[in-house]
Amino acid sequence: MTVTTTSGAASDVAAVRRPRRLRAAWLLALLGVLVVVMVLSLTIGSRSVSIDDVLAALGGATDGFDRASVAKRIPRTLLAVAAGAALAVAGAVMQGVTRNPLADPGILGVTTGASLAVVTGLAFFGLSAATSIVWVAIVGAAATALFVYTVGSLGRGGATPLKLALAGAATSAALASFITAVALPRGDISANIRSWQIGGVGGGTFSSLGQVLPFLAVGLVVCLLSAKALNSLALGDELAAGLGERVAVVRGLSALGAVVLCGAATAVTGPIGFVGLVVPHACRLLTGVDHRWLLPFSAVGGAVLLTAADVVGRVVARPAEIDVGIVTALIGAPFFIWIVRRAKLRAL
Amino acid sequence: MSGADLRSARGASSTAAGAARIASVASDVARGRARRGRRRRAVIGLLAAAVLVVFVLTLMVGRTFYGPGEVLGVVLGQDVPGASFTVGRLRLPRAVLAIAAGLCFGLGGVTFQTMLRNPLASPDIIGISSGASAAAAFAIVTLSLDDAQVSAFAIAAGLAVAVLVYLLSKKGGVAGTRLVLVGIGVAAMLDSLTAYVLSGAAQWDLQEALRWLTGSLNGTSWPQVVPVLVALVVLTPVLLSRSRDLSVTQLGDDTASALGVRVDRTRLVVILAAVGLISFATAACGPIAFVAFLSGPIAARIIGPHGSLLVPSALVGALLVLVADVVGQFALGTRFPVGVVTGVLGAPYLIYLIVRTNRAGGSL
Chain A
1 MTVTTTSGAA SDVAAVRRPR RLRAAWLLAL LGVLVVVMVL SLTIGSRSVS
51 IDDVLAALGG ATDGFDRASV AKRIPRTLLA VAAGAALAVA GAVMQGVTRN
101 PLADPGILGV TTGASLAVVT GLAFFGLSAA TSIVWVAIVG AAATALFVYT
151 VGSLGRGGAT PLKLALAGAA TSAALASFIT AVALPRGDIS ANIRSWQIGG
201 VGGGTFSSLG QVLPFLAVGL VVCLLSAKAL NSLALGDELA AGLGERVAVV
251 RGLSALGAVV LCGAATAVTG PIGFVGLVVP HACRLLTGVD HRWLLPFSAV
301 GGAVLLTAAD VVGRVVARPA EIDVGIVTAL IGAPFFIWIV RRAKLRAL
Chain B
1 MSGADLRSAR GASSTAAGAA RIASVASDVA RGRARRGRRR RAVIGLLAAA
51 VLVVFVLTLM VGRTFYGPGE VLGVVLGQDV PGASFTVGRL RLPRAVLAIA
101 AGLCFGLGGV TFQTMLRNPL ASPDIIGISS GASAAAAFAI VTLSLDDAQV
151 SAFAIAAGLA VAVLVYLLSK KGGVAGTRLV LVGIGVAAML DSLTAYVLSG
201 AAQWDLQEAL RWLTGSLNGT SWPQVVPVLV ALVVLTPVLL SRSRDLSVTQ
251 LGDDTASALG VRVDRTRLVV ILAAVGLISF ATAACGPIAF VAFLSGPIAA
301 RIIGPHGSLL VPSALVGALL VLVADVVGQF ALGTRFPVGV VTGVLGAPYL
351 IYLIVRTNRA GGSL
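Sequence order for the protein chains is A and B.
With the first letter of the first sequence counted as 1, position 340 gets the number 340 in the working numbering; the numbers rise by one all the way through.
With the first letter of the second sequence counted as 1, position 333 gets the number 333 in the working numbering; the numbers rise by one all the way through.
All the pointers check out, no bait thrown in.
Just some of the chain A residues that point at chain B, by a computed CB distance under 7 Å:
#1 Val151
#2 Leu154
#3 Leu162
#4 Ala167
#5 Ala174
#6 Thr180
#7 Leu184
#8 Ile326
#9 Ala329
Calculated from the structure, these hints are not laboratory results.
For glycine and all other residues, C-beta sits at the position ideal for the given N, C-alpha and C.
Same shape as in the complex, but just chain B (with noise of 0.2 Å):
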C-alpha cells in the first residue's frame, strides 16, 4: 500500500468516526430534548390533574358534603334538593373564580416576568394589580358601578399605570432595578389611595375592605365571575400565540429582530393582553396577594429551564388561589379571606428570593 492510500484511508476513517461524534451527538441532544418534552407534559398534565382534583373537592367538601354524583348533577344542571343551592350558587361561582382568577394571575405575571427578564417585575409588586384594584374599589363603593363596567374601569386604571411606572422609569432607558423601585413606590400610593376611597364609604366594612386591598372570593357570584372568563378566553390565545416571541425577545432587542421578531409590536400585543387578564380578575376579587409573582418562579422550579412558561404559570397561578382558598376557608378556625393566605405564604418566599439571589450575587 502506497503512502497516498495510507493518507486517504486514515483521513477516512477519522471523517467517519467524526460524522459518528456528531451523529451520536445529535441523537443526545434530541433524546434530551425529547425527554424534556416528556417531562414537560407530564408534570403539565400533573398539574392540570391537581387543579381538577382540588377544584372538585371544594365542590364536594364544605360545611355539608355532598357526594361526586350530587356534585355532577349540579355541574350537569339537574335540580337537586340542597345541592343547587350550596354547589351550584355558593361553592362552583367561587371555585371558577378562583380557578379563572389563579389562570389570569399566573399569565399575566409570568408574562411581565419573562419580558423585563426580572422576577420582582410582576404586575403585583410594580403597581399593577393595585392601580386594577384602585379604580375597583372607586368605581364599586364611590360610582356604585355595575360589574362591566367596573372591569372596564379597572383595566383602563390596570394600563394607565404600566404607562406611567414605564415613562417613570424611563431615564436614558429602562432598568430593571429602577422600574421595580418606581413600581413599589407607585403601588404604595395606589395602596393608600384604595384605603381612601375606602374611608369615604358609609362605614368601614371590614371584608370589603379586605377584598380590594389583599384580594378575597367571599361571596362570588355568577355576575363577577363572567368578565373574567370572557377575558381568559380572548386574551390566552393571544399570550399563547405570542409565547415563541416572547422567549426570542429574551435574548435580547437586536437578536429578537435579527431573529425575525417584531420587537415593538410583540411587546405591545403583549402588554395589553396581560395587563387585561391581571386587570379583570383583580375586578373581580381583588388583587390577591403574590400569586402573579409566585407562579411564574415556582412553576419554573418544577419544569426546569426549558420551553414557554407560560401554560405551566397559569396552572400553578390556578392550584395556588384554590389551595389557598379552602386552606383560608376551613383550616384555621377562622375564615380568612384567600388574599390573607397568599400574603402569608408568599411574602416570606419573596424575602427568601430575596435572599437566595443576594447569596449568589446575581442581579435579581
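Only chain A is shown next, with the shape it has when bound in the complex (with noise of 0.2 Å):
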C-alpha cells in the first residue's frame, strides 16, 4: 500500500477538529461496552446463569447444567464478536471504495452469494472440510462483488448508489432462489437451508471458529493498512491519483480484503445483512470520516452490534431463539430507509 504524506496531511486537519484524545476515549469506552455485552450474552439465554457460574465456565469448569450452557455459550459469543467486527469492517471499506453510502455486504449481495457458493459445493462437489467451505465462500463473494459492481457501474454516472442497491438486491434476490433450488432435492442440505438463508451464530464452535479467524484476520489486517489511501479516494479518483495513489490497486486490494472478511464470516454465520450499513454511520457520527479511526471503531462496534442482537434474539422469542439475520434486518432496514430519506434527490 502506498502511504503518501500528502493525504496524512489531508486527515491531520481532520484530526486537529476532533481531538485524538478524545477519539481514543470513545474508542475504549465502545470496547467498554462490547465486554458489557460479552457478558451479558454468556448469562443470559433461555437459562439464565449467575456470574460465579459464568466465571466458573470461562475457568474451564463444565460440571453442572448452568457451567455447560455458558461454555456453549462462550465459542457463540467469540464468534459473534468476530463475526460483527469483519461484516462491520467490510461494509466502511465498501462504502469507501464505491464512495456508496448505501453499501453493505447485505445489500450488495456478496454475502448471499458466498452462501450459494457454499451451498453449491456441498450438494454437488461433496466439499466437507471446513477450510475448503471457507474457500469457496469467498471465491462466492469476490464473484458476487465483481457481478454486482459491474452491473451497477455500466452507463452514465458510473456506480451510483441507487443503481448498486438496485443490483445487490436484484442479484441477491436471484441467488437467494438458487440456494433454494440447489438446496431443495438434498435432504441433508434443505434440514440446514434455513442457516443459509438467514444467518445466525448458534452453530458457533471452538473448531469453526478456528477456521476462519486466519482468514478474518489476513482481512482485517489488509483492510486496516488501506485505510489511509481510502481516506485519498474519498477525494474522487482524480485527485487520489494527483495524491499519488494508485487508484486501481488500492481499489482492488481493499475489496479483495472485504470480500474475504465478509465471505470467512458467511461461511460460518451464513448471510447477515445491515451489520455492515448501521455500524460505520453510526461510528462517522463518532470519529468523522478518517478511515484509520473509522475501521478500528466499525469493528468494535459491529462486535457490540451483533453480539447485543444475538442477546436480543434469544431473550424476546423465549424459549426458542430468533436468528441474529433476523434481528439485523429488523434494526438495519429502517436504518436503510433512514439514509435514502436523508439523502438528497441528485445523490440518488
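These two chains come separately, so use the hints to put the complex back together.
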C-alpha cells in the first residue's frame, strides 16, 4: 500500500477538529460496552446463569447444567464478536471503495453469493472440510461483488447508489432463489437450508471459529492497512491519483480485504445483512470520516451490535431463539430507509 | 388567361395537393391504428389461447394421465372414477388458483408500474407483497384464522405498507428512485418479520415457510381459491374501467386534469383495486416471486407501446404462474414450489433490465 504524506496532511486537518484523545476515549468506551455485552451474552439465554457460574465456566469448568450451558455460549459469543467486526469493517470499506452510502455486504448481495457458493459446494462437489468451505465462500463473495459492481456501474454516472443498490437487491434475490433450488432436492442440506438463507451464530464452535480466524485476521489487516488510501479515494479518483495513490490497486486490494472478511464470516454464520451498513454510519457520527479511526471503531461497534442482537434474539422469543440475521434486518432496514430519506434527490 | 386566374388556379391545385397529402397521412394513421389494433387483438387472443391450452394440459398430465373426455367430465361435474379425485380435488383447484393468482399479480403489477411510470415500482419489489405475506403468515401460523380472515389481514397489511412506503418516500414530492429504494428497505424488513413469525411456529416447516417467502401452490384446496376468484370478479372491472384514465395520468398530473381526468380519485381507486388483487392472491399462495414485476415488461415487449397493458399483462401473469408450476412440479426431478422457479427465471430478467437501462443511460 502506498503511504503518502499528502493524504496524511489532509487527515491531520480532520484530526485537529476531533482531538485524538477524545476519539481514543470513545474507542475505549466502546470496548467497555463490548465487554458488557459479551458478559450479557454469556449469562442471558433460555437459562439465566449466575456470575459465579459464568466465571467458573470461563475457568474451564463444565460440571453442572449452568456451567455447561455457559461453556456452549463461549464460542457462540466469540463468533458473534468476530463476525460482527468482520461484517462492519467490510461494510465500511465497501462504502469507501464504492463511495456509496448504501453499500453493505448484505445489500450488495455479497453474503448471499458466499452462501450460494457454499451450498453449491456442499450439494455438488462433496465439500466437507471446513477450510475449503471458507475458500469457496470467499470465491463466491468475490464473484458476486465483482458482478454487482459491474452491473451497477454500467452506463452514465458510474456506480450511483441507486444502481448499485438495485443491482445488489436483484442479484441477491436471484441468488436466494438459486440457494433454495440447489438445496431443496438434497434432504441432508435442506434440513439446514434455513441457516444458509438467514444467518445466525448459534452454530458456533471452537473448531469452526479456529478455521475462519486466520482468514478474518488477514482480511482485517489488509483493510486496516488500506485505511489511509481510502481517505484519499474519498476525494475522488483524479485527486487520489494526484496524491500519488494507485487508484485501481488501492480499490482492488481493499475490496479484496472486505470480500475475504465477509466471505469468511458468512462461511460460518450464513448471510447476515445490515451490520455493515448501520455500524459504519453510526461510527462516523463519533469519529468523522477518517478511515484510520473509522475502521477500528467499526470493528468494535460491529462486534457490539451483532453480540447484542444475538442476545436480543435469544430473549424476545423465549424459549425459542430468533436468528441474529432476522434481528439485524429488523434494526437495519429502518436505518437503510432513513439514509435513503436523508440523501438528497440528486445524490440518488 | 390573366395573371390572377393563373395564380388562383395554382393556389387551388396546391390546396388540392395539400388536402390529398393530409388525406393520405390520415389514412396512413388510420391504417396503422387498425393494423396495431388487429395485432393487439391477435396477441391477446394468442395469449388467452396459450393459457387455456396449458390449463387443460395441466389437468390432463401428471403422475397418471387422463384423456380430454375424462377431464371435461370432471369439470362438468360428472363422477369419473379416479379422475374425480385426482383432477377435481388436486389438479383443478391448483390450476385455477395458478391462473387466478397470475391474473391478479399481472394486473396489480402493471397497474403500479404504469401509475408510477417505473417498471421497478412493482408491488413485489416495493414491499406490498411482502407485507401481505407477512400478515398472512402471522394470521395463519400465530392466530390460526380461517381463509376469509387471512385475506382480510393480508389486504389490510398490503394497504398499510402502500401508505407507509408512500409517506416515507414523500419528501418534497415523491421521487421514483427514492420510492423504490424505500420499498426495498421495507421489503427486507417485512421478509425478516415473516421469517420471525415462522420461526415462532412449533417447528420450522420448510414447505410452509417457502410458501410465505417465495410463493407456492402446493396443497391448494377450493376454500383458498374462492376469495381470489371473488377479488378478481369484483376488482378487475374497476381497474379496466379506469384503464383510459390511467394511461392519461402517465402524461403528467397537470395534463391529465386538463384532459378531464380526476387524478387524485383515479389514483386512489386504482391503488385500492391493485393492492386488493395483490393481497388476496398473496393470502392464498404467497408472494409468487417476480410475477407482478415481470408480467408488465413482458407484455409490453410482445404487444408494443400501443394501448393499455392491463389485459395482456394479466394474461402473461397467468401463463407465467401456470408454466412455472408445471416446470416446478415435473421438469426437475424434485418438486419445487412455483415461487422458486419464477424467482430463478425472474431475477436474471430483473438484472438484464437493469443492465439494459443502465447502458441506455435512461432512468428506469
